[in-house]
Structure formats: C-alpha cells, structure tokens
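Engineer: Sequence:
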Amino acid sequence: MGPTLREALAQVRDAMSDAEPLARDSHRVPNGDVGPVLRELNEAHAQLERLTVVVLADALHRGLHTDTGLSAYDWVSARCPWLSRAQIGDLVTVATSVRQAAHEPIREAVTTGRLPVRRAARLVRCLQQVRSVT
-8 MGPTLREALA QVRDAMSDAE PLARDSHRVP NGDVGPVLRE LNEAHAQLER LTVVVLADAL
52 HRGLHTDTGL SAYDWVSARC PWLSRAQIGD LVTVATSVRQ AAHEPIREAV TTGRLPVRRA
112 ARLVRCLQQV RSVT
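Taking this note's numbering, I'd label the letters of the sequence shown as residues -8 to 125.
To be clear, the hints were calculated from the coordinates, so they are not data collected in a lab. Every value quoted in this text rests on a predicted model; they were computed, and no experiment measured them. Don't take each hint at face value.
Computed beta-carbon distance windows for the label pairs [claimed, not checked]: (1) R110 x G60: 40 to 50 Å; (2) P21 x R113: 33 to 43 Å; (3) T57 x E31: 20 to 30 Å; (4) A50 x S75: 14 to 24 Å; (5) E99 x R70: 37 to 47 Å; (6) G60 x R19: 32 to 42 Å; (7) Q120 x R(-3): 37 to 47 Å; (8) D24 x R53: 37 to 47 Å.
Even for Gly, the Cβ is constructed at its ideal location relative to N, Cα and C.
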C-alpha cells in the first residue's frame, strides 16, 4: 500500500525544502541545464495541480463548501488564497465535473497528467455549451 495523502504531501514539502538552498545558487547552473530544470519545476507544479483537483473533487462531492454556505468558487478561494481567479475557476470547473460519468475520460486524462487542468477546464466548458444547445 502506498503512502497516505498526508505522507505524500510531507515528502513533497521535504523535497522542496531540500531544493531551496540549491535554487538560491541557481546562478551556478550551467546555461544548458536551465531549460531542463525549468521543465522539472513545471512538472512538479503540474503534479501538485493534479493532486489539488483530486482533493477538491472529493471535498466538493462531500459538500464541504455548502456546510459553510459558500459557493464552490468562494470556498476554494478562501482555502487557497495563493491561486489566481482563473486558476480557481479552472480547478472548480474540473473538480465539479470529473465525478460525472460522461467526464470520466477527462478525469483519467487529468489525473494521469496527459491533460493539463486549464485545458481540461476549457474542454468541460465547451462540452457544457454543446450540451445546453442539444
């Protein structure tokens, strides 16, 4: 059995803490290595975003936002103040849709990293527009 969510998050925090001193010395990174380092940072960010979608989808499914009388958007905004309005909108759009059977392929693509959250949100919005016309 794999680590719990809290254990996995602790591992992520530990890895970030270990990398912080190295980032301060980024001026020592050879020019040819800057691109690969940025790609790795992007992948780490994407993984964190995927994990956020999974946790939010579960929290919104449980109705935690309604317990406080907030919309899903406001609930996420209050708990994740570091996110931009656009990021919150994308995360809420994807998190609220991935539990629907019709969006199972989107959930699978997002959680495996084949589809970024912002593109998944755009796809879900387009599907909602098509559904409202038919």
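Engineer: Please go over all the hints and tell whether each is borne out by the structure.
Structural biologist: Verification of the supplied hints:
1. R110 x G60: 40 to 50 Å: Since R110 and G60 have Cβ atoms about 32 Å apart, the given range 40 to 50 Å is violated.
2. P21 x R113: 33 to 43 Å: About 37 Å separates the Cβ atoms of P21 and R113, which means 33 to 43 Å holds.
3. T57 x E31: 20 to 30 Å: violated, 39 Å
4. A50 x S75: 14 to 24 Å: holds, 20 Å
5. E99 x R70: 37 to 47 Å: violated, 26 Å
6. G60 x R19: 32 to 42 Å: The hinted range 32 to 42 Å is violated for G60 and R19, with Cβ atoms some 51 Å apart.
7. Q120 x R(-3): 37 to 47 Å: The hint (37 to 47 Å, Cβ to Cβ) holds, given that Q120 and R(-3) are roughly 39 Å apart.
8. D24 x R53: 37 to 47 Å: Holds, at about 44 Å.
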